[in-house]
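Protein sequence lines, in the order shown, are assigned to chains A and B. Residue 35 in this note's numbering sits at position 35 of the first sequence; the count goes up by one each step and never skips. Residue 584 in this note's numbering sits at position 584 of the second sequence; the count goes up by one each step and never skips.
Keep in mind that the hints were calculated from the coordinates and are not lab data. Just so you know, not all the hints are guaranteed correct.
[Said to hold, decoys possible] Subject to a maximum C-alpha distance of 30 Å in a straight line, what follows is the list of computed DSS-like cross-link-like pairs (lysine-lysine):
| # | chain 1 | residue 1 | chain 2 | residue 2 |
| --- | --- | --- | --- | --- |
| 1 | A | Lys10 | B | Lys183 |
| 2 | B | Lys578 | B | Lys450 |
| 3 | A | Lys5 | B | Lys274 |
[Stated by the list, open to error] Chain A stretches covered by chain B per the calculated footprint, using a threshold of three residues with CB under 8 Å from any CB of chain B:
| # | segment |
| --- | --- |
| 4 | 4–12 |
| 5 | 15–29 |
| 6 | 34–43 |
| 7 | 54–62 |
| 8 | 87–101 |
Just so you know, even glycine gets a beta-carbon here, dropped at the ideal spot from N, CA and C.
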Amino acid sequence: MEEKKIIKVKCFRFDPHKDEKPYYDTFEVPISGKMSVQDCLVYIRENEDPSLAFFINCRLGFCKRCLIRVNGKSCFSCLTNVEEDITVEPLIKDKIIRDLWSKNS
Amino acid sequence: MGEVEKFFDRIISTDLLIVGSEGAGGHAAIEAHSHGTDVLIVTKGKIGQCGASQMAGVDFNVDGKTAKILGFDGDDRDSPERFFEDLVREGLYLNNQKMVEKYVEYAPKAMKDLMDWGMRIYGYDSVHTEEMARGITSAGTLWVAAIRKKVKELKIPMLEDTMLIDLLVSDGRIAGAVALSIKSGETVLIKCKAIILATGGWHRAYSFNTGSYDLSGDGIGVAYRAGVELISMEMVQFCPITMVWPPKDRGSIALYVLSCIDPFDKYIQLVNNKGERFMEEYDPINLEKSTKEIVSIASELEVENGRGGPHGGIFLSLKHLRTKFIDAIIRIANNRIKNELKDTRYEFITLIPELLEKCKTEDIEVGNAAHYMGGGIKVNENTETTIPGLFAAGECSGGLWGAVRVASACTEVGVQGIIAGGVAPKYVKKVEQAEINKNQVKEILDRINKPLMRDEGITPNELTKKIHEISGQKVGLIKEGILLKEAIGELEKIINNDLENLCITSTKSKELNDEWIKAIELRNILTCLYLSAKSSLIREESRGEFYRRDYTNTDHDNWLKTIVMKQKNGELDIKFEKPVVTKISLPKGKLTYQEAIGVATASLKRE
Ligand SMILES: Cc1cc2nc3c(=O)[nH]c(=O)nc-3n(C[C@H](O)[C@H](O)[C@H](O)COP(=O)(O)OP(=O)(O)OC[C@H]3O[C@@H](n4cnc5c(N)ncnc54)[C@H](O)[C@@H]3O)c2cc1C
Ligand code: FES
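In isolation and in its complexed conformation, chain B is listed as follows (with noise of 0.2 Å):
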């Protein structure tokens, strides 16, 4: 045995470690087989239960053109340009148009793949543009097991319930990786020539989240602490009408994704603590059915001037309509969603009729989580990051979707899935197994071990708290200056004391130790939030899914350009860039916030 491996548990060899086995990285770990390259998945969960792909809605976009050749009713109306206009123009112009365009060519394959894998499919519908149908829809839950019975059947390796904690890099190039099992607590050197990493999002920084459990931002940390550009950090997705209260539904979107569906939408009405429609007075036409931004912003506003419910939301409310015809709209959905769709997700067949019926006595407290990650790594149309052999797919990868998402995440995720998949094969075909160093394992392996062998300090759970005090009241939806300055000194003050303070003093054992995994992803949790709050201070104006109270204008003279964000000695390096531009030339003036997102989203009023 050589001297780097026997400090592990466990080594292990591939040509092509994916991390996460998800939209994303399930996707690309299929498509990489099929290049007949050597794939080993490491997943923080168990394929096809983990991550935000089980619990999308789920929707996938096509466009109408190309939908016809899958056998969808399409729209001859549409066509790949327009919907790379479209997404353009809804991303306020800070997109990577080069990605965009890889987006829109690439979405027909990463549908016919679900498809041919056996992936159930709901209908095909208006999803996206209301104008004309471009959605493909299905359930979460069955897109992640379409992709794990396939990843079964190629007999893919997978290390399940194992977390990556470190990339090992040498020469400016990757040479493997250092990772962890939850359950046995063995650590495990992964050597290889490439990495995708495919780790979803960093949800963990907001007490009030969508997400799941494993969505702690390990990969764009991991990346971070290795040199790696990240982009759009401060792109944080908020999403509103999100059950506030009672504990038991507090993340579910199940209301939401409801007041986007007709009929359904037509009747769901928010209200204040007075019982006032408050969207009367932030968007008196479009009222409820404005904008997710417009929504969101109007709804913390509310909060904000203590017209909120008890647990910092605002209401959804029914009460104008009759018991009779609440018990037409619960019959409605149970016949669609149980006879129709037959979905056996818990949120649609048991929590929506629930809380229906909830409806007809009280209203529901519902408010903004932090819902899709739009900033992360920097990646090229190819997925390549800025280290060779580093390669970044879906949610954790930035630089697709500019100010603001609204097509499909779970096309895009498909799509980076599928093109990683296809290129990191012929990196690893083009490169030997570059040499481990050794002084970095060991540095890896004694900072994860530290908190288990300190007896005083912090405990993780102590310092959560601190950090979700700091998430919700001073990065939230609404940004101001002031705050988000406040917000970067305490988070520093935590990165520099309290994460190297870290203690683990209940149990030593290695095994399922939550509070030893939670603190190996604090550090990632921190590097996510921190970057965050730092390009929100820099970003002086707002746009799409960005809002600063202090600069409420959409500024395209000053601010079209992206902020990029790296380790350099140790040191936070920062600097903008402009979008890539292919076809749309990008667009002078200022606008105010409200133009801005009305231009972006005329057509396109429903996610």
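Same shape as in the complex, but just chain A (with noise of 0.2 Å):
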């Protein structure tokens, strides 16, 4: 079997309903096999906290909406393998819908 690694995801927070400002949750996501950014994101949703906004669709890169900003750098979630601990963040950090997806998305 492969070996499992733990990482850190850090994520940006942003409920403009409830928060008075963005902050960041940190999540422990298991790695096992070669694992996107999206996996990480859906498995912080499945285990950790549902509540967490993000978009997802074909899971392939044919959508081309999953646009996220990792560790910075503008990418899509689906597409970029994840190694290490990583910080996710929106694209465009105003006109947050909630957490991960803003407006434009």
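Hey, can you piece these two chains together into the complex? The hints should help.
Put into structure tokens, the structure is as follows:
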């Protein structure tokens, strides 16, 4: 079996109706086999915090809607490999609907 | 504001509502618009960026003779009649032959529309039948981009990221629909005279599937709740050689596609965990080039017998090739994909070369994923359902394919989109807007809000896990009476208890609340899976994509009938219907499963 490694995913969080300002939550995600940033976010949503808002549709680079910022760089979350601890943020930090999804996503 | 309107955040009136924006829905909208009809598209994603259509290979079919008129090389040996015959034979005679006739008749128009809208074409090929060329190839992304461009050009109004929740039916006909904005959580009342459902499949009932996140069988679920008849829900196509591992690639059919293309098809071998080329056991003559169904079943049996990989698949292997040879394959693939076709899709330009490279040192774990839903909303050849004013087009409908789909689904959805987009406008002209039933509206809104109000119960994630266990273990590719009975019992419990006990506690926000959307989708997913398990148990034979371990024959004498289901007074009502026959009479006798598939697909080794 593949070895499992735990990484830390630091996530931008913001609910404009509830929070005065954005903050970050850090989640631990077990990495087993090649995983994408989106796989990590799905893991978090299914196991840690179901309220995390982010975009997912085709999972394989077709829809081109899952743009996100990882360690400051813009990329498609489903196409970006994860090996080390990461920080994920929305592409644009204004007009946030919730968390990682802004109005123009 | 009226009594009903006050329950909603937003109210819209239109003549014709089209739900789903892709191959079927987008095409239907453009066609209906050309008839001067007032149209609104509601789609769960963004047009051209959701559903299965964007992910398709893609191939379209037109018979060889008519293809010449469209400017392709064509093939004079072919004809619409021959195409029709192939489709019914491949469907193992369960097809609605009137629908097949329409498919063949409208396929050229569906193709021509896409060409007129600027879809770039890759080539004309022997896709569908190996004997002669009948296939026009392109990319799913180019297909949906052409539709999107046309819809935008025509300024057809759209509500994107908006989900159909339920149909509103008054006096037995369509009066409107309730929808929900996924982004804002706003409820929308849509008053309309007719609706075309083009919502695609219900892939999400299976944890291992090839589709997109928005495919939760909503169209089928809402139709069933409205009392509409469904057909052939047991027909689910699983795609072999789908990536099982690693997680990032899971669900990709890139290697399956490659395994169908000359010259790659010659080199791909499937092996079990002992390194044995197991197809030698199951089909020593055709090996990996056997039919999709036989390859799928063989892989599944290997896994069952403990010869599978660590993640429940078998392996694709190129270990019999020298490294230099694999390098050559990568070069050929790159050249064709990047230089000749100028494809830009990740799966083709990045993933395939990456996986081939990996094959130099390791085998790749692949398996059978839920891929295409052959059954769905029962329609006639005019896409009419059993409720006046309700039409269904594309993968959410059923009846065309019978027991196997070999020919192009992309052509199917275009054809049915065109037909629905022509028939619905005529209906709209004849009727007045029906009165909306206040109680029905209240019931729907109460139902969707309940999970948000509960503080305890089962969460959508927990319930999804439970459902995926059942679908994966008991309603998968190889079916068996005992397991189906268990699945049905378990699903009934879930439907009666868990579904009415869903709770969302992580956030009560209505904006982008994935848990809330899941809670709504789960009702539809459960409807589809439950009805599929039910009709699978009823069909005591094996036919095409449908395989029962305990009834392995294809039994023309007793089972040339379709299973039709609907909800009546809150109960499931089941009946059998003979397939609609126009030209090809139904055969008699019993064949073994392999014989039947062999006869049906003799000339059609590839999709
Ligand atoms: C990976 C993959 C590859 C394929 N390759 C091929 C191929 O090469 N050749 C071939 O012939 N077929 C192929 N198929 C099958 C084919 O692509 C589909 O059958 C076809 O595209 C379905 O088109 P559709 O318009 O009916 O549905 P979809 O394209 O799935 O669109 C469904 C639409 O309905 C919307 N929707 C769903 N629920 C709701 C709701 N509640 N409210 C509002 N909107 C909703 C969705 O957002 C989407 O817009 C492939 C399928 C997959 C998954
Ligand atoms: S989810 Fe579609 S491109 Fe990433």
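Structure-based check of each hint:
no. : hint                : result
1   : A:Lys10 x B:Lys183  : holds (23 Å)
2   : B:Lys578 x B:Lys450 : violated (42 Å)
3   : A:Lys5 x B:Lys274   : holds (28 Å)
4   : 4–12                : violated (count 0)
5   : 15–29               : holds (count 3)
6   : 34–43               : holds (count 4)
7   : 54–62               : holds (count 7)
8   : 87–101              : holds (count 4)
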